[in-house]
Structure formats: C-alpha cells, structure tokens
Amino acid sequence: MNGLLAIWPRAWPRERRSSATIVLAALLLVAFMWLLGRLLAFAPEPIGPAAEQFAGGTLVTLGLTLSSGVLGVVLGLLAAVSKMSRLPPLRWAAGFYIWSVRGTPLLVQIFFTYFALPELVPGLQLSDFNSAVAALAINVGAYNAEAIRAGIQAVAKGQSEAARSLGLSPVQTFVHVVAPQGLKIALPPLVNNVVALLKDTSLAYGIGVVELANVGNRLQAATFLPVPTLVTTASIYLILTTVLTQVSGAIEHRLDVEQRH
Amino acid sequence: MSHLHPPPPPETRQPLIVAEGVNKHFGAAHVLREVSTRFFQSEVAVIIGASGSGKSTFLRTLNRLEKHDSGRIVVDGIELNDSVKNLDAIRREVGMVFQQFNLFPHLTALENVTLAPRKVRGTPAAEARRAALELLARVGLQDHALKHPHQLSGGQQQRVAIARSLAMQPKVMLFDEPTSALDPEMIKEVLDVMKDLARSGMTMVIVTHEMTFAREVGDRILFFDQGQLLVEAPPDDFFDDQRNDRIRAFLGQIVH
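Chains A and B, in that order, give the protein sequences.
Counting in our numbering, the first sequence runs from -3 upward without gaps.
Counting in our numbering, the second sequence runs from 2 upward without gaps.
Derived from the structure by calculation, the hints contain no laboratory data.
All values derive from a computational prediction rather than experimental measurement.
In this text, a Cβ means the ideal position worked out from N, Cα and C, and glycines have one as well.
Treat each hint with caution, since some may be false.
Some residues of chain A that are not near chain B, with every Cβ distance over 12 angstroms (derived) [as the list claims (entries may be wrong)]:
no., residue
1, 19
2, 100
3, 111
4, 231
5, 235
A few chain A residues that don't get close to chain B, going by computed Cβ distances all over 10 angstroms [as the list claims (entries may be wrong)]:
no., residue
6, 15
7, 22
8, 24
9, 89
10, 149
Covered by chain B, according to a simulated footprint, are these stretches of chain A (three or more residues, beta-carbon under 8 angstroms) [said to hold, decoys possible]:
no., segment
11, 153 to 162
12, 172 to 181
Using the sequences plus the hints, can you model the full thing?
Right, dumping it as structure tokens:
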C-alpha cells in the first residue's frame, strides 16, 4: 500500500512528500489512540463496556513495539557490525547471538527473560513489561542484524575503495559511505521486522502483560463471545500495522535518491 | 614533438614513486613479475597492455588497493607496508580515478567533492564548498553541483570523480582506465580534462587503451605483458620505432 504518499501534489519535492506523510501518519496514530476508547464506548455489548481496556491494551502494545523496536535496531546494528568485524571474538559473539535467537521460539525467549534470568543473575528481576521489551528487542535485533549485514555487504566494493583511496579511515568510510547506502538497502526488510514485531508483542501475554491480545482474550473468555472480541482485537492490529507501513513507505521514499519507485 | 611539457633531464629529478621487484599472485596466477620502475614529479606515465597483462593490478598496488607479495613500493618517501599510519598518509597524497567512477550515489556532486577534505583534512565546510565549486568549474560542471550522480552522464560523473580526487590536492593521480566505461561521445570530455591536468604539471599514472591520447599526453609509455613490464620508452620511440614483435602485434589490434 502506498496510500498516503500519493495524496500530496506531484510538484512537491521528494523530501516534502515524505515528511508530510510521516507527520500525517503520526497525527493519525495519535488521533486514533485518542479516539479509540471514546469510539469503542459506543459499540454494543460486549465491546462497549470494555472500551477502556481495549484502549489501554493498545497503548501497551504500542509501547512494547516502540521500545523494543528502537532497542532492536541498535542491537541489530551492533551485531551486524560485530559479525563483519576483523576481531574473531566479536564475530563469534555476534554469530552465537544470531544463531541462538533465530533458532529458538520467541515465546521461550520471553519466558526465559522473565522466569529464568532472575535465577541466573540474582537481582535482575525485571517487571513483566520490561522483560517483554528486553526479549522482543533481543529477538528482533537478531533478525535486524542479518538484514543490516546483507544490506551493507550489498554495497559495491568500489565504494569503499573510492573512499579509502581518498584517505578516509575505515570508520569514516563505514559511517559516511557504506552505512548510508547499506541501511537504505536494508530498510525494507527492517520495516518488515518492525511490522512482525508489532504482531509478536502479543506473545507478551504469556507472562501476563496486559496488551491488546491479552485484553481481547480475557474478554472472550469472560463473555463467551469470541467473534466480536477477536474481530475488534484483529481490527486494531490491522490499523496499527497499516499506519506503520505508511511511515516506512515514506522513509523509503525519502532515501530513494535515485527515484526508482 | 607533441608533448605538453618537456620533462627535465632525468638525473636532476627526485622519483615520487619507486617500485622495485614487485611481485603479486592471485592464487596460482603470477600477475606481476618483478616489476621495477620510477615515476617522477610532473611526469605523465601511460601504462598500456592487453587485458590481463597486470597493468591495472600494478596501478592498484601503488596506493595499496592491492597488496604486493614481495618487492618494495615507496611513495613520496614512505614505504607501502601493513602499517595503517603509512597507508592513510599515502592515500591522502595519491588520488585515484576508477573505470566505474565510484561516485557516492547518496551524495550530490558537491558533497562527493567536499567529503574527503572535510573529514580527512578537517577543512571548514564553507571553505571546502568554495574549493569544490572551483574544482567543479575547472572540470566544466559548475552548473551540476547540486545534482546526484544518477542525474549525470557517464562523462560528467567521471569528471566529478576527477574533481573529487583533486580536492585532496594529491601529489600524484592514478587513472585506472578512466574512459573504458564511457560511450564514445563522452570520452573526449574526460580526456580533455586530463590533458588540462597534465598541462598544469600534475604527476599522472594512467592505464588506458586510448593510444592517440597516450601518444599526445604521455612522457613515457610502459608496456605490460603477462605480468611483466616489457618495455618503457618515450611515446615516439614506442609507437614509431617498434621492433618488439609482441608490441607490434598488440598495437596492430588497437583501432587508432
């Protein structure tokens, strides 16, 4: 879907269309969050009376997604750079991280962070919300690492040769030449990861975080009305993922200097 | 004589680059065999030879984009080895122009030219910009400063790449087949910029297939064959009085 980008005048420069889209999407999201509880309150039983729980759960879902999303990009970048490092211990550590995280279920990782970690590291008892953020960030970070690494390795070798022959140091070459191009290539898979992350936050319900899926599930268990409760839950997820895709489309559009799309 | 500037007598000149007994292997292939030569201040040396003869590889060893296996390469008094400090010092002084231009696609022409002076030399932004605009004017692209590489023709991109190298005020410029990826009608604009550069006294080492250009601009022709530097000679001797059968055969295949 390329919806929001297309509503701006064709004459607008690329950056302005992109910024306008991001701003509008953010406003839509805020408006949606503000309206959600108020609108759902008008819905018939069993949704109407539970409107505030739905609004609260949605807020928790967004909080989980944003916190672990930001942390996950940082972790992914660190792991990707480590995996391409010249120092073997860094490469091994990053390899182990990516291998173990991608090879185990997210639900087990969430349980592990919440139940097992305090036993392994005494004193490290995170709240259910923070445990979920940590587990989700670690999980998405591993997938981000592979996306970022693939993007960086797709940058033509001539680019770093040109930068190095101008006298730029390896770090400067990475920061100013290779990373901007590599991250642009990595952006579509990174966005996929964040959309997947938004949906994966529902697994936080396993350790009792009262996020959107948990609210929906509790309500259907209490009312024995699975259709309206789960349709409402799914619809809210769908609206959130749609807004997220609009923002990512706008970012991609901004970075698309060559205007291939 | 068509030389753009007469070289001073050899004994008075200091060599800027010295290569002694340079060897290089790619796996089992022995791509450079005991190559020895010197490049002097303000000299324009043109390297020719069939593809696979080692000429580009040799050029790339001069700023260590390729490591040599044995022998010595000394640039401006600094030996090229695994010392990172040496390497960065050398690369600041040695400009390189590539066959595929290798402009940074996410930056404008102007930003391509200012990046290295700002980050490596610490030149203030305004000053780097002013110098870059001057260089872009010198290569005839003052009106294209704010365009991105994909908005420029191949010939224009290569001229930006030359300006980008010049911005570091190198002591020597290496050209690796700078016109081989260009459409015929764009070759001249790039060669004209290079002629200007030669006229200004820039030290240049050029790998090319442009024989007319080699003859007009070169002070010395180096002919590579199967990894060996077979012949070094002034252009007139090389092209007119060629007794070596391999070179005659090579020149016979080139369309003039």
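Going down the list of hints, with the structure as the test:
no.	hint	verdict
1	19	holds, 23 angstroms
2	100	holds, 37 angstroms
3	111	holds, 46 angstroms
4	231	holds, 39 angstroms
5	235	holds, 34 angstroms
6	15	holds, 18 angstroms
7	22	holds, 25 angstroms
8	24	holds, 30 angstroms
9	89	holds, 24 angstroms
10	149	holds, 17 angstroms
11	153 to 162	holds (count 8)
12	172 to 181	holds (count 5)
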